[in-house]
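Residue numbers (this note's numbering), protein chains in the order written: chain X, 1 to 441; chain E, 1 to 441.
For the record, the hints were derived by calculation from the structure and aren't laboratory data. Misleading hints may appear alongside valid ones.
Computed footprint of chain X on chain E, listed as stretches where at least three residues anywhere in the stretch have a Cβ under 8 Å from a Cβ of chain X [as the list claims (entries may be wrong)]:
#1 373–382
#2 391–405
Going by beta-carbon spacing under 7 Å, a handful of chain E positions derived as facing chain X [unchecked claim]:
#3 F4
#4 E72
#5 R106
#6 E162
#7 V205
#8 F341
#9 G362
#10 R438
Distance ranges between label pairs, derived from CB positions [claimed, not checked]:
#11 E83/E - M387/X: 23 to 29 Å
#12 R181/E - E393/X: 24 to 30 Å
#13 K220/E - E311/X: 50 to 56 Å
#14 E153/X - G51/E: 19 to 25 Å
#15 K123/E - T223/X: 43 to 49 Å
#16 T48/X - P335/E: 34 to 40 Å
Quick caveat, the model's predicted, so the values are computed rather than measured. We treat Cβ as the ideally placed atom computed from N, Cα and C, and that holds for glycine.
There are 2 protein chains.
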Amino acid sequence: MGEFHFVEAAQGRGKENYKSRAGQTVSLHGAVGKIRKMSGFAFVLLRTSAGTEQCVWEERESEFPLELLCEETCIEAEAVVREEPRARAGYELRLKRVRVLSAPARELPFAVGNREINTSFEKMLDYRPLVLRNERERAVFRLQACLCRAFREYLEGQGFVEAHTPKLVSEGAEGGANIFRLDYFGRPAYLAQSPQFYKQILTGVFERVYEIGPVFRAEKHDTSRHLNEYTGVDFEMGYISGFEEIMEMETGMLRFAMEYLEQNAAEELALRDVRLPKIDRIPAVRFHEAKERIAAKYRRTISDYEDFEPEEERLLCELIQKETGSEFVFVTHYPSAKRPFYAMDTPGNPEVTESFDLLFRGLEVTTGGQRIHNCAQQIEKMERRGMNPEDFESYLMLHRYGAPPHGGLGLGLERLTARLLGMENVRQAALFPRDIHRLTP
Amino acid sequence: MGEFHFVEAAQGRGKENYKSRAGQTVSLHGAVGKIRKMSGFAFVLLRTSAGTEQCVWEERESEFPLELLCEETCIEAEAVVREEPRARAGYELRLKRVRVLSAPARELPFAVGNREINTSFEKMLDYRPLVLRNERERAVFRLQACLCRAFREYLEGQGFVEAHTPKLVSEGAEGGANIFRLDYFGRPAYLAQSPQFYKQILTGVFERVYEIGPVFRAEKHDTSRHLNEYTGVDFEMGYISGFEEIMEMETGMLRFAMEYLEQNAAEELALRDVRLPKIDRIPAVRFHEAKERIAAKYRRTISDYEDFEPEEERLLCELIQKETGSEFVFVTHYPSAKRPFYAMDTPGNPEVTESFDLLFRGLEVTTGGQRIHNCAQQIEKMERRGMNPEDFESYLMLHRYGAPPHGGLGLGLERLTARLLGMENVRQAALFPRDIHRLTP
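Please put together the full structure from these sequences, using the hints given.
Here you go:
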């Protein structure tokens, strides 16, 4: 056998610090975000993976015509670093040579390099591949990635194990009509509405388990709060003494995440003018009490005793913030009628459950609670609801073979991101949102 | 408004070090894995989140009857730590009191607390919720979680941003019949065969992007290598000079991951008797050359010039290991006919592509390569294949508006795990495997 060619491992790549390299020639690459022509020279703002670099083209210094560049041209460049106190970064990069790697084949429908993209909301969604290149749009998802990193770090520090559970399932966890159906080699299958059954099963394995992954809801709602596919941050923990422990874990996780963002995403936070919420401890209020307080405070009549109207969630948050300063509030003890069959009823009061929602800046971002771990209890509750336990045999293995007391929660990543960034519509917090009308891009 | 109840953040939880607490009374919880009765006393092996604790029930010391316990009973216990040189851990826990949190409602179909579960392969899959409780089974997925942590840490250190791309799509990236179809509010939709289009699009946004998430293949193969839903470790990077850079990145990532496992999962590696591969640099061989070498070395006739047979993959790995010592091998320049429409052909030789597979211990675990970034080239290749570019409008926005030269790869997490652990069947490396016959548990 002849000679081999060997692949060496990639070298680490640090962030360039141009400021300390005044006078030196540097190489960099990126896409042209914006060109601002002046007389005899031009500013060329180059969007790199790290941010935006202010480059300067000058007739006498640059060895190429300015016409070589247009917005969204991908280039490799050689430039000389020059101190420039008037530039935001304190330096600018004087372009010497460029190599065009690719150029747009079509005129842009709108400018991407401006601070804000000037087009309609619908077009912003249609042109997502282009829109996301905008630095402020991109920052949304850098922040989202940073949130996930923080969640993982916190949960793993608390002994949670990451799981990858199937999205193709034979039973829906949440029931109802809000489930996507498909044909699976001649059998009906569904898309998981959550990793609910699996994460519960895994409390018997790992004790503490989490997953950040896609969940699917075939809801026909067309609102600013709903997506038909979203990213669920799910965790579940065994050997709990009550659902208070789940809320404590979430409080810790969110506090950690906010501090993590502050320390690791300062640029993105500034780009989006984000005001991070302070999280010390989070007030909790019972569902029925919350209902009555809102009614009393805002002189509203209660029309639905089993659920919140969106306006009530907004008002409750307003009220809680005024009284406690907290932008988060746990609402506990939701009516059993509105909670799934696996929710544990409150001992002595089966009308309500050992469950909670977390509201943040007017919107529900989390649902959680303790689950039934006793087999007979679970089967009894299923039957009371007209469900057939035989349809849930593999799920019930958890209960049949000794399940620890357990509970957990599901947090909507896009909703949290949207509220954090003050976005009106949750679609803005999804890279490629899916709604009842939208399956592309 | 009345008083509030406030939820405090959870406290951190360190791993207990019982060994240093001889003589003290400690509290712990877990599931009874195994009871070994002796005369006047019994060993009760308690499966905790951290591992297995050797507890001892003794007639005179324990304030409860041994009959209270059976396998898979979840308990909270108070016990006294006693030094015990004969115990593997150097101590044992003398049970004082226990509280039964839940007990199995049905007899176990097999013992879970033994080193190996003694049942058929099919039953191992049917009883997954129970099987996974076995310590050696559980270790598989702790190792898998650890692998993901390593991948993320490495990639984030290299400037990759995590993305959550949609699994409900309007076009399949890989084409062919291997795609699940469903109804999306009256329109046809598909389950993503990979995040291919989206990660490519995102090279224009983040430059470097990765995702670890579910991918769906409606393949009718019923082999030990195929799953219909698996976890894809996908990354994509912009501004590359060639596909060699992708292989370098993977080499670095795998090397990092192996070191990471060694440092962070010693117990699980020991439980599974894992022999980690040494990764320094990885040999690379061209597809056609590999074909010919196998044929020559093993006196085989080549029946398929465009693809490997599984046996050839096995033989190639054997041969490479003999000659270079490496258990990994990159195979490069796969025939264009067998690669997707987005694969970049090799300049000057359009019969082959700038692509590679990575084989590990006889099995393909990764497919990757450079993609076409030029718009005209991409449209031309689509049309040559009889595809209609209009069906791919949103994907082509990448190319139309200036795409950096880019490439990436997809690695099958279950396949890598299976080969690493010396498992014959990839199903053993999925928490809840999905195959052509299996949609539960």
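Now the hints, each set against the structure:
no. : hint                        : result
1   : 373–382                     : holds (count 4)
2   : 391–405                     : holds (count 12)
3   : F4                          : 4 Å, holds
4   : E72                         : 4 Å, holds
5   : R106                        : 5 Å, holds
6   : E162                        : 4 Å, holds
7   : V205                        : 4 Å, holds
8   : F341                        : 18 Å, violated
9   : G362                        : 18 Å, violated
10  : R438                        : 10 Å, violated
11  : E83/E - M387/X: 23 to 29 Å  : 52 Å, violated
12  : R181/E - E393/X: 24 to 30 Å : 28 Å, holds
13  : K220/E - E311/X: 50 to 56 Å : 51 Å, holds
14  : E153/X - G51/E: 19 to 25 Å  : 23 Å, holds
15  : K123/E - T223/X: 43 to 49 Å : 46 Å, holds
16  : T48/X - P335/E: 34 to 40 Å  : 36 Å, holds
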